[in-house]
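Taking the hints as your guide, dock the two standalone chains into a single complex.
Top to bottom, those sequences are chains A and B.
Okay, so the first sequence: first residue is 1 according to the numbering used here, each after it adds one.
Okay, so the second sequence: first residue is 487 according to the numbering used here, each after it adds one.
To be clear, the hints were calculated from the coordinates, so they are not data collected in a lab.
Everything numeric in this text was worked out from a predicted model, so none of it was measured.
Hints may be right or wrong, so weigh each one.
[Claimed, not checked] With a Cα cut of at most 16 Å, we get these calculated EDC-like pairs of lysine to aspartate or glutamate: (1) A:79 - B:543; (2) A:60 - B:888; (3) A:280 - B:686; (4) B:727 - B:686; (5) A:236 - A:199; (6) B:855 - B:888.
[To be verified] Rough simulated footprint, nothing fancy, chain A against chain B, three-plus residues with beta-carbon under 8 Å: (7) 695-706; (8) 829-836.
Backbone N, C-alpha and C fix where the C-beta goes; we use that ideal spot for every residue, glycine too.
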Amino acid sequence: MMQDTNLKLAQQRLLEPGNVTVSDLENALAQALSSGGDFADLYFQQSRLEAWTLEDQKVKSGTHNIDQGVGVRVNSGEKTGFAYSESITRQGILEAARQARTITRTNRGQESGGIQVQAEPVPRMYDTEDVLAAVENQHIIDTLRRMDARARAADSRVHKVICSLVTAQETMLVAASDGTLAADVRPMVKISIQVVATDGKGRTETGFAGGGGRRSLREILDTPGLVDSFVDQAVKTAVINLKAKPAPAGSMPVVVGSGWPGVLLHEAIGHGLEGDFNRKGSSAFSGRIGQRVASDACTVIDSGLLPGRRGSLSVDDEGTPAAENVLIENGILRGYMQDKLNARLMGMSATGNGRRESFAHLPMPRMTNTYMLAGEHDPGEIIASVDKGLYAVNFAGGQVDITNGKFVFSANEAYLIENGKVTTPVKGATLIGDGPTVLTRVSMVGNDLAFDQGLGVCGKDGQSVPVGIGQPTLRVDELTVGGTHF
Amino acid sequence: MQRGESVNQEIKTKIENAKSIVAEVLETVKRLGAFEAEVVYSQGSGLAVSTRGGQVDTVERNDDRSLAVTVYLKKPDQQGLSKGSASTAVLDADAIALSVEKAMNIARWTEPDPHMGLADPSLLATQFPDLQTWKPQTVSADALIQRALQAESAARECGVSVDNSSAQAGEGFSVYGNSHGFIGHQAGTTASASVVALAEHDGAMERDYWWDASRHLAGLMPAEDMGEQAACRTQKRLGAKKLASGSYPVLFEAPVAKSLVGHLLQAISGSALYQDASFLKGAAGQAVFPSWLQISEDPFVPGGFASRHFDNDGVQTRARSLVSDGVLQGYLLSCYAARRLGLEPTGNAGGAHNIEVHANAGDLPALLKQLDTGLLVTELMGQGMNPVTGDYSRGASGFWVENGQIQYPVNEITVAGNLKDMYAGLQAVGSDTDKRSKIQTGSWLIDKMAVAGNR
Chain A
1 MMQDTNLKLA QQRLLEPGNV TVSDLENALA QALSSGGDFA DLYFQQSRLE AWTLEDQKVK
61 SGTHNIDQGV GVRVNSGEKT GFAYSESITR QGILEAARQA RTITRTNRGQ ESGGIQVQAE
121 PVPRMYDTED VLAAVENQHI IDTLRRMDAR ARAADSRVHK VICSLVTAQE TMLVAASDGT
181 LAADVRPMVK ISIQVVATDG KGRTETGFAG GGGRRSLREI LDTPGLVDSF VDQAVKTAVI
241 NLKAKPAPAG SMPVVVGSGW PGVLLHEAIG HGLEGDFNRK GSSAFSGRIG QRVASDACTV
301 IDSGLLPGRR GSLSVDDEGT PAAENVLIEN GILRGYMQDK LNARLMGMSA TGNGRRESFA
361 HLPMPRMTNT YMLAGEHDPG EIIASVDKGL YAVNFAGGQV DITNGKFVFS ANEAYLIENG
421 KVTTPVKGAT LIGDGPTVLT RVSMVGNDLA FDQGLGVCGK DGQSVPVGIG QPTLRVDELT
481 VGGTHF
Chain B
487 MQRGESVNQE IKTKIENAKS IVAEVLETVK RLGAFEAEVV YSQGSGLAVS TRGGQVDTVE
547 RNDDRSLAVT VYLKKPDQQG LSKGSASTAV LDADAIALSV EKAMNIARWT EPDPHMGLAD
607 PSLLATQFPD LQTWKPQTVS ADALIQRALQ AESAARECGV SVDNSSAQAG EGFSVYGNSH
667 GFIGHQAGTT ASASVVALAE HDGAMERDYW WDASRHLAGL MPAEDMGEQA ACRTQKRLGA
727 KKLASGSYPV LFEAPVAKSL VGHLLQAISG SALYQDASFL KGAAGQAVFP SWLQISEDPF
787 VPGGFASRHF DNDGVQTRAR SLVSDGVLQG YLLSCYAARR LGLEPTGNAG GAHNIEVHAN
847 AGDLPALLKQ LDTGLLVTEL MGQGMNPVTG DYSRGASGFW VENGQIQYPV NEITVAGNLK
907 DMYAGLQAVG SDTDKRSKIQ TGSWLIDKMA VAGNR
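Here chain B stands alone, though its shape is the one from the complex (with noise of 0.2 Å):
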């Protein structure tokens, strides 16, 4: 057990059986011709809960296996290699054949790529230090039900009345391996809850939620403070107004300005910087954000949500600076997409690692005083955002401020602008970062957006 996690000797050897599984896989379609060939296996199980009305309202288990195979064939005359792949979630002798078959027949049907392929194997992963993303919980039903119980009641004695409130935990593994000798996984928990609460006012009726996720279950916020803040928020809502069209400065509040950072990523991903999808393409070295900005990787955060020692490459993870005094250090690229872009693979094959967006200023009321008057947008609408352009445009609501306070809540409006200006035009990072995700940063002040409200 060198490559990953420590573990439990259950799931050792549930890992030990897949990666067999794996590696029989990988000679199969050795001997059945593949050039090359990569396999992924993973497997999770969880239990999860909801209540309302002070009763238990569903329990679920979930128990998930996948096998996926991919194979590249190099045919006579050609330049490259092509591809066929094939997944089962069935993981008997007779599926996996199944999909091993259909995989080599698709690549005989496919068009050679001289990009595609494995990663250089100097790049594979050969350090697999303890990330701390097994956290051995003990899990049953009454727990979970308690904890969903004890959240709901508290937000009940708030006031409001609870739509939902729930608890999961689970615990999964994958392991990747590939033709060039590469296997190793990766494994870890998970435990999450949350509140969902509705307050009513003269006929109107709002509806707000709060939620937590960690490695384990005693690492979530307590269940009354969860249950108080989805009460408080859902009541803050109501009396809602809507707003004077007009261009305003808008303070995304953290949860939702991590959207914001998923925009960024996206956009410096390499599929869509190759695919000509992306309106940062070519910003690498540029300065995309103000000069105090920075924003770092770092794949090896204890227990962290992203934290992994390899790439879906089976390329090792590096620690890095995204974006350094406002300039854009690099994007995220797979072994495919570096090779079509002719740079470096950054370990990012299936996506970032850990992102923090550092903070420059204080806390939320103090990043209202900052607002002084302006926006302060709780919750976005919709999918309105172009990859392409960074034309922005999103449905929000949440509250309008006048020297520095919360004046009254507003909905039914929109922000637009485009993320480039948005990007440049960034007042301030708040120290009052959301811890949730892969994605922690605190809310981000942004000079100047267009809202349109009803006048």
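This is chain A alone, in the form it adopts within the complex (with noise of 0.2 Å):
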């Protein structure tokens, strides 16, 4: 019974201040479906920020941040009616359950009474510590100095060095008319850094990286070479992209590297598999179950019960359990990732991927962490295959138009590939590919699984949530690559 450590956190942190005890929660989701109505939650939320910032060799400034309040919502068949309150208190929660039912009052339904909500036991994803209070300021401080110290270090050429350190607590409590009571305590943590280079002849470029994830941030300052290995690729970013020749413009043969890269994954597919675009039938993967939509070597899940990883999640902000789900299978499509409302809707089941940017947003289907299993090849054997091709290592995100499947994704290191051997860096480009298809001319896929490091950020309708993503090193026989070189 972990979970018994959440909901009592919760209750404290979230409806003991105002009172409000879960047999008000039953009652204000029987009002909240008085007028009718299939289905109606409230979603608790307090969320608590810290950040501290250096620039120029000193940590320069520092913030807090302080969220809180609950989102009603009811639904009656497809539709949705949605306020909230930043006051949680009897009076709060039922005046915003009052604005939410307006979406059925044409409807008249019966009264809805004895509605009665229990918790199930659900294993914790992560330590309940409070990642903010954790670590002392001066610890802090240290480990960004440090960065910037070991920045400047490696490389005569870095000028600018800003680093930053983030860690955030977020406790939520759902209660839903379908019975469900569920709690977390979401712990996040996120380091990165941006240095500058110049080579003094009037060049100068930039490289990112960083890291985090749901873990407490004492694991991430003691787990020996992990800051420095953000600060170490951050400067060579930013050096190789000083010598990057121009990027090949057309159609070629792309190696996409292990990792972050995974962003490929998260653009071309994963969006498409989302439930709610599938229901409305504008995805271009719409209706597409048991097909196929990669190649043999090609099996992709979407799970948020990797320990520590961003995207994952003890329930989801629906009450549902994570889970690991299965997207492609050996190239054939198995599955969409579902929210409450859309698997109800589609008569499939809740997968666990029912996510929301805040209290003060809907929930919808959205991806945890996408990644692709490993395959048998050697990284060096998928890149000595090309004669002429691409090698890109680390991209700074994608867009893609689930309609028509098309969908970018801006490579910021990148390699030449030519008779089988890396040869020059090129500058940043971007690459365009169509969805359906693209996971077709995967030809091989190597043994190399890897994760992100932990600054995944997924944007949909305006709303942002945390994803992981990993991948093994690809080959994609054809690619468009949007360089200036012909």
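Given below as structure tokens:
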């Protein structure tokens, strides 16, 4: 019954200050459904965040943020009514419930008394230690200074360094008319560094790296070499780009590196497999379950259960336990990612992917940690297989048009492959492809599955949530590379 | 109510309450030993609806408040001030007290910076003309739903399906006060609507949309026109091809040309300059564009999307020419950035105000004629712009144009170049000005870019 701790903490932090009890929640749910509707939920959340920034070799700014409130949602068929309140009191909840249920005013239903909510035991994915208070300010400041010093010592061409360290803790509790009562206490840590390097001949370049996740700050700071590796990565990207040549333009074989380049999966297929788009038939993957969407070598998973990762959850924001979901198995599309609304309307099961940015936003199907299983090829063998192409190892981010399936992702560290060898570094370039066909062109999958370091943020309909990605080295036989050199 | 917009009584009361909270927090931090301090209170509320399949999809109410406090401490034997800040969306006495304590505590740990601190009192705003950003409007879910349904049905009548039709309206204000005794507010109303349409041909789907924004619902384009526009844009995208890679002139349609102006504003912002993260570092006084180009900034446009009396430092805003005869006239500077760069603040803490790029050419058909043979870009994807170097590479879709006539839609291509070259190679700015946001420009014709396709 490890979940008990979360529930107890959540009640203490969210409900008790306003003298709200679980039976008040049951009553508010009944009120929310009093003029009809199939489903209602109350989402309570408190978040606290602290951030420190080093610039010009000094820790010159820090900030602390508090946010808190309750969101009330009422579903009636495909309709959703939503309102929220920053006041977690009986009155605040009822007022939000009254506003949310106006959606149902035209189809009067029956008085829905007798809603009972009950917590189920769920394994906890992370420590409930207060991540904001766990490490002394002095230790944080020293860490940022050490990062700065390491970057400057690594290469004399580094002349600007900005480092930041963010800790956040979110406490949530959700109660729903389907009987759900669940809570979670979620830590988040993010350490990042940006360096600007100049060659003294008028050329300036930048490099960015970092990491973190739902882990304790102490554990990250105590992992030997971890923070140093962020610094080294940022310096390496900046310095390499100082000698980068114009990137090639046109279609060519592309070897996509392991780890963060998994943004390819996130954009190319991840969004297209979210339940809402498929219910509405607006995804290029709509109605394609059971069909081939990738080569045999590709198996793609979305899992909220990976310890410490940014996208990991004990329960999602609707109280559904996080799960491991197979999206593509040996090239065949197996399933979508669902929240409760879209699962109900499609006659499927919720998959633990109902997520929301905050109490002030509606939940939607979202990815957690999306990754491809390792294959059998040595990464060196994959590179050696390409006569002329691109080796892209680091990316800034991407975007997808889920309807026509076209997606982009922008490389910020890439090299030419010539005669099976990695040669010249080339400038950043956008790569563009077609989601439903790109994975059918994956001819080799590496044996080097790696995950991102923990910086991923996914945006959808104006809502941002933290996500993780992972991927082994892949060979894509043809992708369009948006360089300037023909 | 001198310092700000003319607004109705209800909002006046809210603003007065906010001002007393701001004044109280300023007094508290002074008492706790802050050398200087500034406080922002903002509040907004609104109603948003969406429809789909002739039915209501969502009705969302929002109501947000937040308070942000920044304190500056002067420590013995140290040059400059140390800064700490905190914000809270919970506005009870406990949360405000905790935020004040956190901001003070953070400032005890941060290191001093000689450039830190409030604006010089002589720069603070003293002129508060009515900017007409507050347009009284009656907002009801029914009226918004009606509008969204009308737009949706107009789109469907054109033979497309509708993914989403939405309408929203809201209002909000913010109060800024600092320990120099300045306290002022800015208030505004908003309204916007959009239609996202889907069309299918030979098993291939396309999606496009149209939207509008205004200071009030009555200022939006008619719902039927919006639906038709969304439908028409979506249908035109069907049957897209890729393109042979090559170097072509590129015409950026006004809604996407705005992003090229956005990159300019980012590059001339103070923080990008002092962080050495701008491809336009030191470009003030230089010809960045051809000599016919004029770009102006006017914070006093009546009802403008970014009309403001004072910036985030409380500094009086000014109308000015940003680019004159192609020459960059200056930067966008907060007090802090200005001190670091050894320049004067420009009233741009928080960003640019209303920006207008002046046209030198006719409407879109005239620009297509001038393009002759090349690419018309109507959508851009991804974040492929390097602010340090100006290197530009983004996913695109649009239309292939020959002899000034649109031939067929294209997608899954990229357009690439360097923003410095793109700006210098600007051939024309159309009169088809997109007026839906703070950046107002017509379409941009650029002489030559690298286009990557599948051949």
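Evaluation of the provided hints:
no.: 1; hint: A:79 - B:543; result: 5 Å, holds
no.: 2; hint: A:60 - B:888; result: 56 Å, violated
no.: 3; hint: A:280 - B:686; result: 14 Å, holds
no.: 4; hint: B:727 - B:686; result: 15 Å, holds
no.: 5; hint: A:236 - A:199; result: 14 Å, holds
no.: 6; hint: B:855 - B:888; result: 9 Å, holds
no.: 7; hint: 695-706; result: violated (count 0)
no.: 8; hint: 829-836; result: violated (count 0)
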